[in-house]
Amino acid sequence: MKNAVNIGLMGDFDPGKPSHIATNMALQHAADRLSLQLKVRWIPTPTLLSIDGQKTAKKMDALWAAPGSPYMSQDGVHWGIRHARENKRPFFAT
Amino acid sequence: MRNVLGVKNAQHVEYDAYAPNLVIVPASYPVIVRPQDAPRLTGAMKIRVRLGSLAYRIYRAKTVNERFHCNNELNPDFERAIEEKGMTISGRGEHGEARIIELNDHPFFLATGFQPQLSSEENRPHSLIMAFLKAAREASV
Numbered sequence: 001m002k003n004a005v006n007i008g009l010m011g012d013f014d015p016g017k018p019s020h021i022a023t024n025m026a027l028q029h030a031a032d033r034l035s036l037q038l039k040v041r042w043i044p045t046p047t048l049l050s051i052d053g054q055k056t057a058k059k060m061d062a063l064w065a066a067p068g069s070p071y072m073s074q075d076g077v078h079w080g081i082r083h084a085r086e087n088k089r090p091f092f093a094t
Numbered sequence: 095m096r097n098v099l100g101v102k103n104a105q106h107v108e109y110d111a112y113a114p115n116l117v118i119v120p121a122s123y124p125v126i127v128r129p130q131d132a133p134r135l136t137g138a139m140k141i142r143v144r145l146g147s148l149a150y151r152i153y154r155a156k157t158v159n160e161r162f163h164c165n166n167e168l169n170p171d172f173e174r175a176i177e178e179k180g181m182t183i184s185g186r187g188e189h190g191e192a193r194i195i196e197l198n199d200h201p202f203f204l205a206t207g208f209q210p211q212l213s214s215e216e217n218r219p220h221s222l223i224m225a226f227l228k229a230a231r232e233a234s235v
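The listed protein sequences derive, respectively, from chains A and B. Numbering follows our numbering, with no gaps: position 18 of the first sequence is 18. Add 94 to a position in the second sequence, counting from 1, and you land on the number used in our numbering.
Worth flagging that the hints you see were computed from the coordinates, not collected in a lab. If you're wondering where the values come from, they're calculated on a predicted model, not measured in any experiment. Keep in mind that the hints are not guaranteed to be accurate.
Beyond 12 Å from chain B on every Cβ pair, some chain A residues (computed) [to be verified]: (1) N3; (2) D14; (3) P15; (4) G16; (5) D32; (6) P46; (7) T47; (8) L49; (9) S50; (10) I51; (11) P67.
20 Å max Cα-Cα, derived DMTMM-like pairs, lysine to aspartate or glutamate [as the list claims (entries may be wrong)]: (12) A/K39 / B/E232; (13) A/K88 / B/D199; (14) A/K17 / B/D131; (15) A/K88 / B/E108; (16) A/K88 / B/E177; (17) A/K55 / A/D32; (18) A/K59 / B/E232; (19) A/K39 / B/E216; (20) A/K58 / B/E232.
Chain B regions said to be covered by chain A (calculated; three or more residues, Cβ under 8 Å) [claimed, not checked]: (21) 177-186; (22) 223-232.
Beta carbons are placed, not taken as given, at the ideal position from N, Cα and C, and that holds for glycine.
This is chain A alone, in the form it adopts within the complex (with noise of 0.2 Å):
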């Protein structure tokens, strides 16, 4: 098993939100404490909707849909949850 994972938020990253900065925070504690290498992309949720996004997504370990709604495309995080449950991809929304 690879001690290296990486995670797609999908979500419109700003640092003036708690709550993005806390996610980012949350998964280093958390990957510290399991021992895993973490590689954290946020995907801006328009990229979503095109090809080089969806292929970006595809690449990653696991999906969390990033708080902070309304997203800037709500069709683009309904692609990656579909994505994650057809393709039995983690998927974490909080």
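Place chain B on chain A using the hints.
Relative to chain A, chain B alone:
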């Protein structure tokens, strides 16, 4: 909702408050005493965790306290429909509101109305987030 249940125009109140099928609606029991700009659900609240659920296997507790910072919740009119299609409401608030929802027959597919990341600490990572990362590791491509 749109794909599995076939609910056309299933919508979230923040995107279109006048949509005919609002699946996500404003919280029914907002916190009465809260700061002026705070959302309807603010601060720590108790959640009852359903025995046998993934959430229960992670928490190993029948009740937990979680931190909220949001305005909305699942419309209770849709609870039965989503449960019939393979979801479980695995956490409920004081008045029975859906607070944790998970998809059955999936390695990890879980949504919460609260924000576990708000209560995570370096010395005390949140159990749901750890479970999510463990699932990611097992699914690693």
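- Query: Holds or violated: is the Cβ of A/N3 farther than 12 Å from all Cβ atoms of chain B?
  - Reply: violated (8 Å)
- Is the nearest CB of chain B more than 12 Å from the CB of A/G16? holds (14 Å)
- Item | A/P67 and chain B, when compared Cβ to Cβ, separated by more than 12 Å | Non-interface label on A/P67 violated, nearest chain B Cβ at 6 Å vs cutoff 12 Å.
- Query: Would A/D14 pass as off the interface with chain B, using Cβ distances and a cut of 12 Å?
  - Reply: holds (14 Å)
- Mind checking the alpha carbons of A/K55 and A/D32 for me, to see if they're no more than 20 Å apart? Violated. A/K55 to A/D32 sits at ~28 Å, over the 20 Å cutoff.
- Message: Does B/E232 sit within 20 Å of A/K59, going by the straight-line distance between their CA atoms?
- Response: Cα-Cα ~14 Å, so holds.
- Do three or more residues of the stretch 223-232 of chain B come closer than 8 Å to chain A, measuring C-beta to C-beta? Per the Cβ count (9), the hint holds.
- Is the nearest Cβ of chain B still more than 12 Å from the Cβ of A/D32? With a cut-off of 12 Å, A/D32 comes too close to chain B, as the shortest Cβ separation is near 7 Å.
- Message: Against the 20 Å threshold, does the CA-CA distance of A/K88 and B/E177 hold or violate the hint?
- Response: holds (19 Å)
- Would the pair A/K39 and B/E216 pass a check requiring their Cα atoms to be no farther apart than 20 Å? With a Cα-Cα distance of about 18 Å, the restraint between A/K39 and B/E216 holds, given a limit of 20 Å.
- Query: Does A/S50 sit more than 12 Å from chain B, CB to CB?
  - Reply: Fine: 20 Å to the nearest Cβ keeps A/S50 off the interface.
- Query: Straight-line Cα separation of A/K58 and B/E232 no greater than 20 Å?
  - Reply: holds (16 Å)
Violated hints for the displayed structure, listed by number in ascending order: 1, 5, 11, 15, 17, 21.
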